[in-house]
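All chains should be modelled from the sequences, with the hints used to inform the complete structure.
Numbering of the sequence shown is given in UniProt numbering, commencing with residue 1 and proceeding in unit increments.
Note that these hints are calculated values from the structure, not bench results.
Since this is a predicted model, take the numbers as computed values, not measurements.
Ideal Cβ placement from N, Cα and C applies to all residues, glycine included.
A few of these clues could be false.
Label-pair restraints from in silico Cβ distances [stated by the list, open to error]:
1) Glu133 - Val93: 37 to 45 Å
2) Leu110 - Asp23: 17 to 25 Å
3) Asp23 - Leu97: 28 to 36 Å
4) Leu102 - Thr128: 34 to 42 Å
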Amino acid sequence: MTDASDERGARDEYTPRLVYDDDCGFCTWCAERALEVGEFEAVGFSELTPDQRARLPADYETSAHLLTDDAVYSAGEAVEQALVRMVPELGGVVSELREFELYREVREGLYRWGADHRDWWGKIVSATPPARE
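Below is the structure:
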């Protein structure tokens with residue numbers, strides 16, 4: 001995350017942007033599910049504006065991101081923060097868990113495993129990626 005001053009569950013002035021690989025069927029499916037439940041704007045890698053790209057890490061194409069008014073969340077933390085926005089009741093539990101290094105390591109490890117196996121996941125759940133339309 002680029003800014004530690006955020007308050008979990010705080011309302012953003014602008015709709016948070018869920019940045020994802022829009023050339024991946026599994027990633028597209030996940031983004032569509034998030035849009036069904038939460039208030040996000042989905043932005044594929046191929047649709048990023050120069051300003052949005054400038055906020056992301058140099059290796060932004062290796063994971064999903066959540067852009068808020070004052071923070072950038074990447075990888076497992078992006079998924080975590082999207083889930084907290086979709087299910088606000090999780091906020092307190094997540095806030096407590098974040099205090100533990102083991103939780104953060106497991107969160108990121110699970111994210112990386114899922115991301116590294118997205119071709120396999122795409123055989124189970126998938127949607128037509130916008131970049132391929």
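We went through each hint and held it up to the structure:
A C-beta distance of roughly 38 Å is found between glutamate 133 and valine 93, which places it inside the suggested range of 37 to 45 Å. The hint said 17 to 25 Å for the Cβ distance between leucine 110 and aspartate 23, and at roughly 23 Å that hint holds. Restraint check, aspartate 23 to leucine 97: a C-beta distance of roughly 32 Å satisfies the suggested window 28 to 36 Å. Checked against the hint of 34 to 42 Å, the C-beta distance between leucine 102 and threonine 128 comes to roughly 38 Å, which is consistent with it.
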